[in-house]
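With the sequences and hints as input, model every part of the structure.
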Amino acid sequence: MKWVLSFFTLLLMTAAAGLLYFQWTGYDSAAASDEKVLVSQTLDVKIKPRGITVSQTINGLPDTELLIDWPEIADPVSCMEECGRVSKNMDKVIAGEKTSVTLTYTLQTPVTPALLKNWGAKLRGTEVQSTSVHLTESYQSEGMWISSLPFNGNSQLELIRFSSYSHQGNEGELIWVSGQLYPVSAGPGQTVFSPSEALPDITLSEYAADVPFTAVVTDTFTPEDSNDFIIINNLNDSDAMTKLINEYAMKKSYGLSGESQFVVDYVMLQLLNEETDSEKTLRADQSVKSVLSKSKLTEWEQWLHEKRSSLTAADLDQKLSDLMKGKTAFFELNAATDGYIPLSITDSREVTLNGELLEGAHRIDSENESYYTLLPLLEHLGYTVQDAAGSVTAIGDSSYTFYPDEAIFRYNGSGYDLMSPPVISINNQLYIQERWVQKFLLLSVEKDQQIHLTK
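With my numbering as the guide, the letters of the sequence shown map in order to residues 5 to 459.
Bear in mind the hints are in silico, worked out from the structure with no lab data behind them. For every residue, glycine included, the Cβ atom is placed at its ideal position computed from N, Cα and C. Don't take each hint at face value.
Capping the alpha-carbon separation at 27 Å, the derived lysine-lysine pairs in DSSO-like fashion look like this [as the list claims (entries may be wrong)]:
hint	residue 1	residue 2
1	K331	K293
2	K443	K459
3	K300	K311
4	K102	K126
5	K52	K126
6	K255	K40
7	K255	K293
8	K40	K96
9	K121	K300
10	K92	K40
11	K121	K40
12	K298	K323
13	K52	K40
Simulated restraints, written as ranges between beta carbons of each label pair [claimed, not checked]:
hint	residue 1	residue 2	range
14	R54	Q274	48 to 58 Å
15	G88	T341	47 to 57 Å
16	P380	D243	50 to 60 Å
17	P114	V41	32 to 42 Å
This is the structure in structure tokens:
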């Protein structure tokens, strides 16, 4: 009997182990299926008067089905006989042993200068490691096509012009500009397509030395029109050209392409020490330097120099918070608005009122002054608060009316001028200066592990 029980126990354990194994295998496969398949691609672009034909060959495909996302500006060309791994209705790549597929589609030939974005097909579930673009223009035109990828070289035979580009990542952008432009090298992988075969003297920063780029001299587009090209409007302004290239390199080096111009300008000011005409950036620079000691400022600058990857406004706020032993959203707030929001550091200590924790209240330091959240203080002190547009009135034994960010207030109906605003607004939150917490609200202030306000 014991033997039988032992046998069934072993059988159950084996079954349980098998079940766990298959569950884990299924989970592992599912997890693996969420990972992007790394592929490479070559796009052969043939430009003719009637249209542009693109043959896009994608290599490194797995033996699985992949959906196709065609460019909005493209018309897929159906295969006449042998479709390979492309489905007949052209919406997916079907499973198969062949590890490559060629997608063919047409684009309209523009009659005026054009900048094409998102012009290549995409396979869902894949990530492009590297791309080569080959441009063949089989007619004489009054302009030329250029890819934003680093330039490899070109050649021309009578009515045919061929050029080659390649780099890591996706296909980038295509531009068609009028006139004849010459590819002038500014360094390894760095090309300026210019109407002149000589460039003015430009001094690039150390951050631009190893960043490949393609710049185009044209007055048809502005620098803001393109994410991948450097658009230069004036070849004779070497300072402006230098700034554009350095800014592009900084964006690529620090992953700033998706950040606001405020963040880009601030980082460039710190790392390149270039002059800026942005008053907002200068105020931010002065504010940060005013709250950091000499050693912390050195650490801040060193961190910026070494942060050669993705850098966001949130990253800047987190590092500044760590240095200040407090919390700030200074860069995120200013990145989200055209105006300037003063730097404030939130004290992490709890605030008590007459020995009890004051919910919703905190202390901040901003521009060499200390402030406390106004409304929680007034409410817990028993004031009736009337919050109107442009003012807030506290009614108790005495009444006060404050006008946020203005150096005036009213006491029992009478108006008074001050040297600085007693109440300020930061990110839609009202704060009252510490000195007026003591003089208006008659509270004493003591600070240790907590901040104690006492009536």
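Hints and how they fare:
Proximity of K331 to K293 is assessed by CA-CA distance (about 17 Å); at most 27 Å being required, the pair is judged to hold. For the suggested pair K443 and K459, the alpha carbons sit about 11 Å apart, so the restraint of at most 27 Å is met. For the hint linking K300 to K311, the alpha-carbon distance of about 16 Å falls within 27 Å, and the restraint holds. Between K102 and K126, the direct Cα distance comes to roughly 18 Å. Compliance with the 27 Å bound is thereby established for this hinted pair.
Proximity of K52 to K126 is assessed by CA-CA distance (about 24 Å); at most 27 Å being required, the pair is judged to hold. Taking the CA atoms of K255 and K40, the gap is near 25 Å; set against the 27 Å cutoff, the hint holds. Between K255 and K293 the CA atoms are separated by roughly 23 Å; this keeps the pair inside 27 Å, and the hint holds. This hinted pair checks out: K40 and K96 have alpha carbons roughly 16 Å apart, not beyond 27 Å.
Simply put, K121 and K300 have alpha-carbon atoms about 43 Å apart, too far for the 27 Å limit, and the pair is violated. Distance check on the hinted pair: K92 and K40 sit about 25 Å apart at the alpha-carbon level, within 27 Å; holds. A hinted pair counts as satisfied when its Cα atoms are at most 27 Å apart, and K121 with K40 qualifies at roughly 23 Å. Proximity of K298 to K323 is assessed by CA-CA distance (about 16 Å); at most 27 Å being required, the pair is judged to hold.
Distance hint between K52 and K40 is unfulfilled; the C-alpha atoms sit about 35 Å from each other, more than 27 Å. A hinted range of 48 to 58 Å holds for the C-beta pair R54 and Q274, which are about 52 Å apart. For the pair G88 and T341, the supplied restraint of 47 to 57 Å holds, since their beta-carbon distance comes to about 52 Å. With their beta carbons about 52 Å apart, P380 and D243 fall inside the hinted range of 50 to 60 Å.
Distance hint check: the CB atoms of P114 and V41 are about 33 Å apart, consistent with the given range 32 to 42 Å.
The structure is inconsistent with the numbered hints 9 and 13, although it conforms to all the rest.
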